[in-house]
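Protein chains in written order, with our numbering: chain A, 270 to 632; chain B, 270 to 632.
Derived from the structure by calculation, the hints contain no laboratory data.
Hints are not guaranteed to be accurate.
Copies of the same chain are indistinguishable here, so a pair counts whether it falls within one copy or spans any two.
[Claimed, not checked] Here are the computed lysine-lysine pairs in the PhoX-like style, where the Cα-Cα straight-line distance is at most 20 Å:
id, residue 1, residue 2
1, Lys-582, Lys-314
2, Lys-586, Lys-314
3, Lys-394, Lys-558
Protein chains: 2
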Amino acid sequence: MDTRVHNFSAGPAALPLPVLEQAQRELVSLPGLGMSVMEISHRGKVFTEIIESAKATLRALLRLPDNYKILFLQGGASMQFSMVPMNLLRGTGKPADYILTGVWGSKAIKEAQKEGTARTAWTGKGDGFVRVPKKSELDLDPNAAYVHFTSNETIEGVEFFAEPETGAIPLVCDASSDFLARPIPVEKYGLIYAGAQKNVGPSGLVVVIIRDDLVERVPAGLPSMLDYRVAVENDSLYNTPPTFGIYMVNLVAKWLQDTVGGLGKMEIINRKKAELLYAEIDRSGGFYKGHAAPESRSIMNVTFRLPDEALEKEFVKQAEAHGLSQLKGHRSVGGIRASIYNAIPVESVEALVAFMAEFRKGR
Amino acid sequence: MDTRVHNFSAGPAALPLPVLEQAQRELVSLPGLGMSVMEISHRGKVFTEIIESAKATLRALLRLPDNYKILFLQGGASMQFSMVPMNLLRGTGKPADYILTGVWGSKAIKEAQKEGTARTAWTGKGDGFVRVPKKSELDLDPNAAYVHFTSNETIEGVEFFAEPETGAIPLVCDASSDFLARPIPVEKYGLIYAGAQKNVGPSGLVVVIIRDDLVERVPAGLPSMLDYRVAVENDSLYNTPPTFGIYMVNLVAKWLQDTVGGLGKMEIINRKKAELLYAEIDRSGGFYKGHAAPESRSIMNVTFRLPDEALEKEFVKQAEAHGLSQLKGHRSVGGIRASIYNAIPVESVEALVAFMAEFRKGR
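Please build the complete structure, drawing on both the sequences and the hints.
Take a look at the structure:
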């Protein structure tokens, strides 16, 4: 067995080790079955139990009200950038409001503009996407079909800790990189989507949580694969779903429930990890410079710069040599990004903080 | 380790055992990496090598001409039912021709009709989808944007062994259930797509092979995730692809190349397996009644009925007890379906044939 490294990948990101170990044990044959989970019909008894367990465990973790459905779809959050306006904007004659706090929200509005009128209700672009807006800054249209925001911008490390208030207008959220990181008041949302490859499972799967009344708004004539109503009516089995991915989501959700002890416990651990890192940034006397404004600092993606690019390169290189992997920032922002999703143990963060302290002492 | 059963699943289907064993060994950590293939950036060096190897091996297996691209997309063949007409029909003012030899082709034309004019160039529905058309039976429009056919209808077990002749009109093929089963003259095709979960890898991935001139026809303004041009320009990495699925495709393709010895060798084995089964059907004196007409008999999905449904139920039950798994026919057709994709060893087919002979002797 190879030694596992400290893995700070922004995604596809680290998975809980016990989950990987169970998947490994069962990869050639599910217990007593003589077949891999990848080799069985998605409509058979065994897989039905897996997908139902995944849904039930997510439902329990999120304390999901009865009037919400959980869907497992394909195409990642990027496909949702189009599916949301196809299903909820097309044909309404209304605009949709987008709150832009980073790269992903900016991509989402571009796709929405192909389907209808998508307005910028606020953008943080002017100051380089360093914070979320104050309530008073939002320019919301009272007639909007929905309001879209990105709860955590993975690239910039900018996170909302309170939902935008939209009254009766459905709130739609790209929660790809902080889904299941902490409890959220689901009843405030109309639709939540999250690419699995940060906190939920492997890439190639997106979890969608949709309130029943939004399903009823879906216009006729959409491509079947892009129609929320079809997905709901077929319980995510309109066609063959990514069965291995759903199996992994089930294992991750059970790990969160049984080993971690739920989203409240997960939040405590996640906040501790984030505080350790931001504390090192703050005591570095400006050597490490955090990208996000303090009140919007992500507890999932900690982004910072060093005094110059040569030092950043050296930092990443030496970190690798210390078993601290995938720390390079996104190419569009540069610098360093430490992604500390649910599966990253506190020990990994402590190892990184120790390295950071050591690295800056030498300068 | 559990004993593996003989797995005749129509999909998600059996994978080659050496592939599953390698995936199992490497699941927690790729050799020397300290991270699972599911935990690494899709833009990093390690995954880049995997996806490039998968493409190169498929290219070699298919002897793919230089003017074709290989794409790894999400949403399965069902998403292609819409993507093909969105990209190749929308805005052309032309019709598309569909040849219907079963359930999947019939689904494909329904999605195409949402995007434009899709004509039925031939349908086998009248006699229950038992055969492919003769050349003289095809009603092709000389002005068609493309001609679509389903090379193997998984549910009915009806397969084309020669491509429809369409002259200069691009030929589009849903090859989901016989892709890589035998060599094909790729140069006759404009576009080939195949859901991975039969012969190529786990579900959640679709392989698309597209000729360069078709990419140039793609209209502006499509959702980025549904735009072949975007996929080509980003080399299947517009967003996070199903990385584990692509890793598995690479292993399966290498198994085909190195262990089996290529598609020609694979065809010899596949034909032998099919002949063993059809021979038992033919010598059963009508006890087993094949669904497909002899000249259209699939070498991937062998479909047959027994004298009555009670016997069919008993057959499936006793087969399970003999370690012969997932033989029940699709709910829309009934009866028995033995799917004998690339990964099914001759020994599994021999075991099934022996069971079939034994089962009918008792009646």
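Go through the numbered hints given earlier and state which of them the structure violates, listing their numbers in rising order.
No hint contradicted; all consistent.
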